[in-house]
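Spelled out from the first residue to the last, the chains are:
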Amino acid sequence: MSSQDIPEENLPATHGTAVAVADEKNPFADPGLPPHEHRIQDIDERAAKRSERTVALLFTVSMLATVAFIAAYVAIPKEKPIYVFPLGHVNALNFTLGLTLGTALFCIGAGAVHWARTLMSDEEVADDRHPIAAEPEVRAKVMADFRQGAKESALGRRKLIRNTMFGALALVPLSGVVLLRDLGPLPGTKLRSTLWAKGKLLVNMNTNEPLRPSDVAVGSLTFAKPEGLEEGEEGFQNEIAKAALMIVRLQPDDIKDKRELEWSHEGIVAYSKICTHVGCPISLYEQQTHHVLCPCHQSTFDLSDGARVIFGPAGHALPQLRIGVNDEGYLEALSDFEEPVGPAFWERG
Amino acid sequence: MKKLSARRRHPLAALVVLLLALACTGGLYAVFAPADKAKAEATAQSLTIDEGKKLYTVGCASCHGTGGQGTSDGPSLVGVGAAAVDFQVATGRMPAATSQGAQLPRKKAIYSQAEVDQLAAYIASLGAGPSIPTADQYGPEGADIGKGGDLFRNNCAQCHNFTGKGGALTGGKYAPPLNDVAPKHIYEAMQTGPQNMPSFPDTTMSEQNKRDIIAYLGAVNTGKTVNPGGTSLGGLGPVSEGLFAWIFGLGALIAVAVWVAARTAKARKS
Amino acid sequence: MSTTETTESRSRGKAPAGERVADWADGRLGIYSLAKANMRKIFPDHWSFMLGEVCLYSFIIIILTGVYLTLFFQPSMAEVEYHGSYIPLQGQMMSQAFSSTMEISFDVRGGLLVRQIHHWAALIFLAAMFVHMMRVFFTGAFRKPREINWLFGFLLFVLGMFTGFTGYSLPDDLLSGTGVRFTEGAILSMPIVGTYISFFLFGGEFPGTDFVARFYSIHILLLPGIMLGLVVAHLILVFYHKHTQFAGPGKTNKNVVGMPLLPVYMAKAGGFFFLVFGVIAAVAAIAQINPIWAIGPYRPDQVSTGAQPDWYMGFAEGLVRYFPGWEVNFWGHTLVLGVFIPLVLFGVVLGAIALYPFIESWVTGDKREHHILDRPRNAPTRTGFGVAWITVYMIGLVGGGNDLWATHFNLSINAVTWFVRIGFFVGPVVAFIVTKRICLGLQRRDKDKVLHGRESGIIKRLPHGEFIEVHEPLSQDALYTLTAHEQYKPAEIGPAVDENGVERKVKGVQKLRAKLSKSYYGEDGQIPKPSVEEYKEITSGHGQH
Chain P
11 MSSQDIPEEN LPATHGTAVA VADEKNPFAD PGLPPHEHRI QDIDERAAKR SERTVALLFT
71 VSMLATVAFI AAYVAIPKEK PIYVFPLGHV NALNFTLGLT LGTALFCIGA GAVHWARTLM
131 SDEEVADDRH PIAAEPEVRA KVMADFRQGA KESALGRRKL IRNTMFGALA LVPLSGVVLL
191 RDLGPLPGTK LRSTLWAKGK LLVNMNTNEP LRPSDVAVGS LTFAKPEGLE EGEEGFQNEI
251 AKAALMIVRL QPDDIKDKRE LEWSHEGIVA YSKICTHVGC PISLYEQQTH HVLCPCHQST
311 FDLSDGARVI FGPAGHALPQ LRIGVNDEGY LEALSDFEEP VGPAFWERG
Chain H
2 MKKLSARRRH PLAALVVLLL ALACTGGLYA VFAPADKAKA EATAQSLTID EGKKLYTVGC
62 ASCHGTGGQG TSDGPSLVGV GAAAVDFQVA TGRMPAATSQ GAQLPRKKAI YSQAEVDQLA
122 AYIASLGAGP SIPTADQYGP EGADIGKGGD LFRNNCAQCH NFTGKGGALT GGKYAPPLND
182 VAPKHIYEAM QTGPQNMPSF PDTTMSEQNK RDIIAYLGAV NTGKTVNPGG TSLGGLGPVS
242 EGLFAWIFGL GALIAVAVWV AARTAKARKS
Chain V
251 MSTTETTESR SRGKAPAGER VADWADGRLG IYSLAKANMR KIFPDHWSFM LGEVCLYSFI
311 IIILTGVYLT LFFQPSMAEV EYHGSYIPLQ GQMMSQAFSS TMEISFDVRG GLLVRQIHHW
371 AALIFLAAMF VHMMRVFFTG AFRKPREINW LFGFLLFVLG MFTGFTGYSL PDDLLSGTGV
431 RFTEGAILSM PIVGTYISFF LFGGEFPGTD FVARFYSIHI LLLPGIMLGL VVAHLILVFY
491 HKHTQFAGPG KTNKNVVGMP LLPVYMAKAG GFFFLVFGVI AAVAAIAQIN PIWAIGPYRP
551 DQVSTGAQPD WYMGFAEGLV RYFPGWEVNF WGHTLVLGVF IPLVLFGVVL GAIALYPFIE
611 SWVTGDKREH HILDRPRNAP TRTGFGVAWI TVYMIGLVGG GNDLWATHFN LSINAVTWFV
671 RIGFFVGPVV AFIVTKRICL GLQRRDKDKV LHGRESGIIK RLPHGEFIEV HEPLSQDALY
731 TLTAHEQYKP AEIGPAVDEN GVERKVKGVQ KLRAKLSKSY YGEDGQIPKP SVEEYKEITS
791 GHGQH
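Chains as they are written, first to last, in this note's numbering: chain P, 11 to 359; chain H, 2 to 271; chain V, 251 to 795.
It should be emphasised that the hints constitute simulated quantities derived from the structure, not laboratory data. Remember, it's a predicted structure, so these values are computed and weren't measured experimentally. One thing to keep in mind: the hints can contain errors.
As the list claims (entries may be wrong) - Each computed DSS-like pair below joins lysine-lysine, with the alpha-carbon atoms no more than 30 Å apart:
no. : chain 1 : residue 1 : chain 2 : residue 2
1   : V       : K761      : V       : K504
2   : P       : K35       : P       : K59
3   : V       : K286      : P       : K35
4   : V       : K699      : V       : K755
5   : V       : K779      : P       : K35
6   : P       : K35       : V       : K786
Stated by the list, open to error - Facing chain P, from chain H, some residues (calculated, C-beta under 8 Å):
no. : residue
7   : L105
8   : R107
9   : I111
10  : Q114
11  : N156
12  : P178
13  : P202
14  : S233
Stated by the list, open to error - Distance ranges between label pairs, derived from CB positions:
no. : chain 1 : residue 1 : chain 2 : residue 2 : range
15  : P       : E348      : H       : G71       : 49 to 57 Å
16  : V       : R754      : P       : P183      : 22 to 30 Å
17  : V       : I398      : H       : A263      : 27 to 35 Å
By construction, the Cβ of each residue, glycine as well, lies at the ideal position given by its N, Cα and C atoms.
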C-alpha cells in the first residue's frame, strides 16, 4: 500500500511557513524566538562569583570524598557490621565506600551542571535543519553510477556466475550451523526415564536414611531421593532434577482416585516434586486440603485425587511413583515413573 | 505480632506472669483445698490437668467438644499432644475468632503461659502426642547452621521464603513470616503441623535437623541479622528490588534531569 | 627565526600545544570537518530528552563494573564445598560460579559495592529505556525520519532484557536457577524443535554443567557487543537527524532551538554522567540487591516462594502465570499451548509497539519529515493505544507478582490471578477509551483557552449584579504554541466510479485504512483546532461587551 491514494490536501499544512509577526490575518502566527533575558549572574559580578565559588566547592567536596573513599578502603575491616537507621545492620565498608564514591561522582556532575547553568551562556540559538533525503541531482548521479557499476560487472547478463555465487554464499553459513551440533547430545528418550527403578529404596532427604512406612505420619511431608544418589557426586544435579520425590500420607478413605490408591502403600503416596508446568520443585503442601501449590506459577494439584490440576497453568497431573515395601520393611519403588516427569514437550505424547 | 513478643520480653513480663500464676493457684487453692483433703494429696500433675480441664471447659469446649472429641466447629484434640496446644494457644491462634478468614492469624495470646501449660497438660492426658520441647531440644548448642540452611531450603523455603519472610498459599491462605517467632514455637510447628502446614515429625526430620533449622533462622531472620548490602527491602526478592529501582533509582535520576534541563532563574527587569 | 618557519607555523610548532595535537590528528583522521559540523551542534533543553542519556550512562556504568566483576568471577559449574567468610553457608556444596560470587561479595573489598552497582544499574538501565521509549512514543518522535532509530532503540530494549536475564543467571543461585529452569520449560514447550534446542543449550539434560559458561560468553561478549554497536548507531542517528523539539515561539520544523554542544551541553551531558553514576553508587550503598547468600546455591529440587525474575522479565512471568494450562495430545505428540502461547504473546506484545510507527505512517499516508513533537493530547488515538499497551504490560507485571499482591493486600492468590486474566482483555480497552476521552477533553480545554483566554481568578461584578470571572487573552507565544499542532483529515476511499464512469475496485486494505483513518482523525478522533475566523469573531464580540 503506497500513499498515492491519499490526496495531498488531506495532509495538514507544513510547519514553519508562518510569518514571524502576528497580524490581522493570522493571530496564531509564530512570534519568533523570544528575546534573550539575562540571568543574575550575567549582570551581577558578585552573583557570578558566588556561582564560581559554589562550583569550586562542589569539586572540592568531590576530592575530599575520594580521599575518604581510599581511607575507608584501607581502614575499615571488610566484615565489620554497622547499624544505620533506617537501613538496619549493614556492612560498614560497603556503606562507606558507596556513599563516598557516590558523593565524589555526584559532586563532579553537580559542579559541571551548575557551572553550565549559571556561568556559561544561556542564549538559545536556532540551527537550520536540512532535509535528510538527497537532492534530485545527487540521486540521479548515484543511480547512474550504480547502473554503470552493475553493467560493468555484467552480473545481470552472466546469470550462471550470479546464480552460482548466490548458491555458494547461501551454503557457506551452513558450516557454522553444523559446528553447533556438538553443543549437546540428542534428546533421545532421556527425558522419559529417571533413576527410579524396581527395588530402589526411598531415602529421606533430611536424614539420608531409607524410609519405613511407620516413619511417615498422616499430615506430614517428606522429600526423598533414590538410594545411591549422593549430593556432590557427578550427575547429582541432573538426576535429582528428575527424581526428586514428595511423600505424604493420606487416610486411605480420603483418596478419591482408584489408581492412586493402588499405587500407594497404606495411604502413603509418592509424587514427583517437579511441576509439570515448567519444572519448578513443587511442594507447597496444604495438609488439610491435600492441595499442592507451585510457588513459581501457582499451578495447584489435588494430591487426594491423582494430583490432577485444579488451578493454574499446568497442563497435566503430577506423575505418581508406584511404591511398596520390601522384605526388610523399607519403602521401595515398584518401577520408574510411568510417564515423563517435569514440563511437557513435543515428543511426550 | 511483634508487640506480643516484645511485651513478652519486657522485664516486668515475668513478674506479671508470676503474680498471675500466684493469684490463680492461691485463689484456686483457697477454694478447693479445704473442701476435700483427698485432692490436696493428689499429685501436682493431676492438679494441673484439672485446672486445664476447667479452662478448657470455659474457653475451648464449645468448639472442640466437652471431652476434646471435636465438633463440626473444631477438630478433635485427642492425641494432638501438648506441643500443639502450646503452639496454638501461646501464639494467640487459639481461641479463634468466631468469624475467621481463610486461616487463623497469629495474635496476642489470651492465656498466660501458666494457663497454657495447664491446658496442654489436660489435652495431653486425653491421648499421647508430642510434648512441649525443652530448651536443649531447640537451643543453638551443637547446631550446624549451614546444614540448617540446606534443610530449610529443602523443607521450608517453598512456603516461608528463603529467609522466612512468608508467602502465599491457595485461596487466601498464607505461610506466615517467621521473624521473631520463638524457637520453641518453631519447633512445635514443625513437630505438629498446625493448620495447613504439614508436620515434620522426628521420624522424618530428626531432633538435630530441627535444631539446625532453628539455628539457621536465628542467623538469617532476626532483627540483628546483618544485611551487608544495605536495607533488605523486605527480603522479598526481585519484586521489591524492581519497585525500588523504579521509584528511588529512576525517580531520583528524573528529578536530577529536571534540574539539569531547567532554565536558570532570570534577573527580572523591574 | 627564519621566514620559512613563520609561513609553516601551522604545522611547525608556533601554535599552542593543543592546536598542534589537533592538527596532527586532523592530518590523519580529518577531525576538523567532523568538528565543524558538530562542535556547536544545537540541543534543545527538556528534562524528558535526558532519559536517553540515563540509558546511555547506565549502560556505560554496567560495562565498567562488569569488566571489574569478570576479574573475580569464575564461570564454572564445578561443585565445591564452601569455606568462605559467610557462616550460614559453611560446608555447603555449590558451583564455583556461586562460590566466586560469594567471594566477590564477602572477601573482595568493595566487591559487593561493584556487584550491587552493576545490578542496580541494570535495573535502572531497563527502566530508563522503557520510559525513554514511552517518551518517544507519546510525543510522536518516531515519525519520519526516525523510524529506523526507533527500531534500533527497540532492539536495544529487547537485547537489554536478555543480557540482564543471562547476567542474573550467572551466580547459579537458587532464585536464578529457578528462572533458568523456567526457561528450559519454556523452550521444551516449542513444537518439534523444543527438546533439541534445550539439549543443545544446556549441553544435555537440565541443568548440566555447561550453561553458566555459555550464558557467560553470551552475557559479557555476544549481547553487549551487539548492543554497543546499536548504541553507537543510535547516537550517530540522533546527531545526524538533530534532536526533535516541542512547539514554541521561534521553533519550526526547519530549525532546532537550544544550546550548543560546546560548552553548555558538554558540561551538562558530561556532568549528567557523573550525576547518574553518583546516584546509582549511593543506591548501591543503601539498598541490597540479589543477596545470593540468603538465597542459597541452586539445587533443582529446592525452591522458595516468591520466585520472580528481575522486573523487566516480570511481564513474561505474568503471562505464563495467568495463562490456562492448555495441552493438546495427538498422534504421540504434545502441543504445550499453556506455555507456548504466552511465549508467542510475549513477542507479539513487544512487536506491536515496535511496528506501531509503520502502522501510523501507513494510516496517515504522510511521507514528510517531522521534527516538532506532538503533545500526547493532540494525538488521542496514538496516546490511547500507548496507554492500552502500557496497561497490558502492567497487568503482566501484576500477574508476575500475584503471590506478593495476595500476601500484602490480604487477597486470595486465585482471585488475583482471575483479576489479571480478565484484566488482560478488559484493561487495555478501558484504558484506550478513557485515555482518548481525556485527550479530547484536554484538546477542548486548549481550544477554549485560545478562544476565550485564560481564567485570571479575578471576579468582577457587573452593574446589573452578575458576577463574571475575567478572562485574560493569551500571549502571542501561548496562542502560537497551542495552535501549532497539525491536524489530519480522515482519508477517504474516493468515489466508487472513476471519471469515465467505470466502477473502481476498492481493495479491502483500502477500506481498512479509511476506517482507521476515520477513527484517528474523524469527528471522534480529534477536536478541530480553533480557526482564525472563530477567534476573530469571539475576540471582536468580547470587545463589544
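Original post:
Against the structure shown, which of the earlier numbered hints fail to hold, in ascending order?
Top reply: Violated hints (numbers, rising): 1, 2, 3, 4, 7, 8, 9, 10, 12, 15 and 16; every other hint is consistent with the structure.
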